[in-house]
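Peer 1: Let the hints inform the model, and build the full structure from the sequences given.
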Amino acid sequence: MHYSPAPLHIPDNFLSLFIAILFWGITASAVGMAISKTNKSLGEKQIPLMGVMAAFIFAAQMLNFPVAGGTSGHFLGGALAAIVLGPWAAILVMTAVIAVQGLLFQDGGLVVMGANIFNMGVLTAVISFGLYRSVIGKSKGLRLAVAGIGAWLSTIAAALVTSLQLWLSGTSQLQIVLLPMLGVHVLIGIGEAIITVAALAFLERTRPDLLNEKATSEKGGRGWVVGGVLVSLVAVLLSPLASSNPDGLERVAEDMGFLHLGQSAPFQILPDYTVPFLGQTPLSTIVAGAVGALVVLGLMIVIGQSLRKRNA
Amino acid sequence: MHADAFDRFHETESRLHRLDPRVKVVVTVLFILSNALLPDGAWAALGLAWIILLWANQLSNLGVDFSFRRSFVALPFALAAVSAIFSPLGNQLAEWHVGPLVLIPTDYGLIKFASILVRSWLSVQAAILLVSTTRFPDMIHAFEHLRVPATLTTIVAFLYRYLFVLTDEVMRLLRARKSRSAAAPGHRPCRDVAMQRLYMARVTGNMAGQLFLRSYDRSDRIYNAMLARGYTGQLRTLNAHVMKSSDWRFAALSALLILFLQLIGRL
Numbered sequence: 031m032h033y034s035p036a037p038l039h040i041p042d043n044f045l046s047l048f049i050a051i052l053f054w055g056i057t058a059s060a061v062g063m064a065i066s067k068t069n070k071s072l073g074e075k076q077i078p079l080m081g082v083m084a085a086f087i088f089a090a091q092m093l094n095f096p097v098a099g100g101t102s103g104h105f106l107g108g109a110l111a112a113i114v115l116g117p118w119a120a121i122l123v124m125t126a127v128i129a130v131q132g133l134l135f136q137d138g139g140l141v142v143m144g145a146n147i148f149n150m151g152v153l154t155a156v157i158s159f160g161l162y163r164s165v166i167g168k169s170k171g172l173r174l175a176v177a178g179i180g181a182w183l184s185t186i187a188a189a190l191v192t193s194l195q196l197w198l199s200g201t202s203q204l205q206i207v208l209l210p211m212l213g214v215h216v217l218i219g220i221g222e223a224i225i226t227v228a229a230l231a232f233l234e235r236t237r238p239d240l241l242n243e244k245a246t247s248e249k250g251g252r253g254w255v256v257g258g259v260l261v262s263l264v265a266v267l268l269s270p271l272a273s274s275n276p277d278g279l280e281r282v283a284e285d286m287g288f289l290h291l292g293q294s295a296p297f298q299i300l301p302d303y304t305v306p307f308l309g310q311t312p313l314s315t316i317v318a319g320a321v322g323a324l325v326v327l328g329l330m331i332v333i334g335q336s337l338r339k340r341n342a
Numbered sequence: 688m689h690a691d692a693f694d695r696f697h698e699t700e701s702r703l704h705r706l707d708p709r710v711k712v713v714v715t716v717l718f719i720l721s722n723a724l725l726p727d728g729a730w731a732a733l734g735l736a737w738i739i740l741l742w743a744n745q746l747s748n749l750g751v752d753f754s755f756r757r758s759f760v761a762l763p764f765a766l767a768a769v770s771a772i773f774s775p776l777g778n779q780l781a782e783w784h785v786g787p788l789v790l791i792p793t794d795y796g797l798i799k800f801a802s803i804l805v806r807s808w809l810s811v812q813a814a815i816l817l818v819s820t821t822r823f824p825d826m827i828h829a830f831e832h833l834r835v836p837a838t839l840t841t842i843v844a845f846l847y848r849y850l851f852v853l854t855d856e857v858m859r860l861l862r863a864r865k866s867r868s869a870a871a872p873g874h875r876p877c878r879d880v881a882m883q884r885l886y887m888a889r890v891t892g893n894m895a896g897q898l899f900l901r902s903y904d905r906s907d908r909i910y911n912a913m914l915a916r917g918y919t920g921q922l923r924t925l926n927a928h929v930m931k932s933s934d935w936r937f938a939a940l941s942a943l944l945i946l947f948l949q950l951i952g953r954l
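Top to bottom, those sequences are chains A and B.
Using the working numbering, read the first sequence as starting at 31 and increasing by one per residue.
Using the working numbering, read the second sequence as starting at 688 and increasing by one per residue.
One should not assume that every hint holds.
[What the hints assert, rightly or not] According to the in silico footprint, chain A covers these stretches of chain B (three or more CB under 8 Å from chain A): (1) 720-733; (2) 832-840; (3) 846-856; (4) 937-945.
FYI, nobody ran anything at the bench for these hints, they're computed from the structure.
No residue lacks a Cβ here, since even glycine has one placed at the ideal position from N, Cα and C.
Peer 2: This is the structure:
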């Protein structure tokens with residue numbers, strides 16, 4: 031099978047345990063919310079659809095096209111899934127795809143799978159759907175252009191966050207890893223954008239009912255626009271800043287204590303709650319990671335609640 | 688293409704194949720976690736972990752070096768860790784000038800790099816052993832027993848079940864593209880290379896859109912067919928998955944071994 035692994039799937043043990051567990055927490059809460067949302071909206075009919083769509087993404091990644099120098103780019107599909115299926119369904123679909131890639135093909139690890147799902151599933155869904163949601167009802171050209179930008183940006187954001195995770199874990203030096211990572215994915219992202227736009231244009235011609243204004247606004251509320259624009263802005267501002275001045279970013283992170291957080295045991299975030307029998311053991315790393323994940327989960331629940339109130 | 692075209696399962700009779708899939712999943716994850724917890728440069732413990740892995744290979748009747756021979760998939764990613772060699776902590780070993788960069792490898796960085804590589808290589812081998820001795824549907828079932836939400840496991844089960852169908856569909860699309868993309872030898876179909884690439888990417892996009900529609904319509908038919916056969920939203924299985932006492936013994940032994948590894952790594 032000509033299944034070609036993408037350079038974004040982090041293998042096991044390339045991230046520190048703290049970062050891995052933290053991102054598992056974030057991903058688990060996002061996936062949990064996605065499950066409850068999709069269960070509420072369409073019920074059991076949605077599940078076979080999402081399963082087959084996940085198989086579609088997997089199979090579509092075999093569609094390759096030649097890029098310069100004898101290499102070939104292939105389709106990633108996250109942006110297309112987010113725009114056509116909606117962000118919640120896309121998160122579930124990408125989770126299934128990444129889980130099977132990791133479990134069956136060892137493309138991406140198991141303990142770091144949370145980070146992989148976050149980078150390639152959650153981020154992609156937020157950016158591409160959020161941006162696309164802001165232009166529904168506008169002209170076809172504008173919508174396709176924004177979809178392309180979303181696909182390109184989400185590829186770059188995934189590369190950026192992957193580099194940051196590797197750096198915070200102490201696996202890579204930021205100065206060395208960031209520029210090649212971003213450089214490669216700026217190119218991969220262009221291919222991704224063109225294919226996504228072409229596929230959407232094809233769907234507009236053949237099945238306009240899947241992409242009309244009503245169908246899209248039902249898939250996710252206005253909150254996604256805010257999220258999408260914010261995350262895109264961070265990615266757009268942080269990428270050139272970090273790649274032109276990685277030392278600066280490193281110093282900021284050092285001053286704020288992020289570096290120690292990622293690399294060694296993060297006792298600092300729980301100074302008043304040190305459990306005596308935990309002490310300086312790996313267990314406290316896990317406990318602290320779990321606490322961090324719970325904090326994030328709590329934040330997401332609060333945000334979700336406030337969004338729901340505003341919608342009602 | 689056959690339904691199990693993508694399964695990495697290797698059919699044999701062995702202790703490891705018979706083991707309850709839950710035990711295999713949990714022990715594999717524990718092993719990977721244990722590797723992550725071992726300090727940098729704990730070579731004795733990492734070596735012992737490999738010996739345990741070789742022993743597990745032996746138990747699987749697939750050959751001692753089975754997982755080793757297949758373990759180089761994660762190697763390209765090692766590039767990302769190379770920069771750890773130049774960690775500012777530790778003693779300087781040399782000084783290399785590469786263009787405008789000054790690279791200073793340190794002893795700490797070198798140990799860190801090697802440790803990351805060995806750990807991840809051991810973890811990949813454990814995962815390979817897991818998928819080679821467990822049928823994929825059994826593995827999904829195990830995750831369901833381990834409280835992974837049924838929505839997710841069902842989506843993964845569908846993904847696995849229809850992957851080969853859609854792969855056949857992709858093959859048809861690729862064959863159609865190939866048979867319509869004739870060009871005389873030595874002649875470029877389009878003079879402008881950039882335009883040609885754009886055209887190719889657009890064709891690929893059309894193929895992706897076509898594949899999407901075919902999958903979308905297919906999922907409708909699948910759902911209706913399943914409804915007609917009494918689908919209630921739950922996938923059923925004939926494998927009951929009951930933990931036997933031998934499964935418990937294996938789980939306990941593995942947990943003890945992993946604890947022992949941690950002890951050795953910290954001495």
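Peer 1: None of the hints should be skipped; say for each whether it holds.
Peer 2: Hints versus structure:
1. 720-733: holds (count 4)
2. 832-840: Since 3 is at least three, the answer is holds.
3. 846-856: holds (count 9)
4. 937-945: Check failed, 0 qualifying residues.
Going down the numbered hints, you'll see the structure goes against just number 4.
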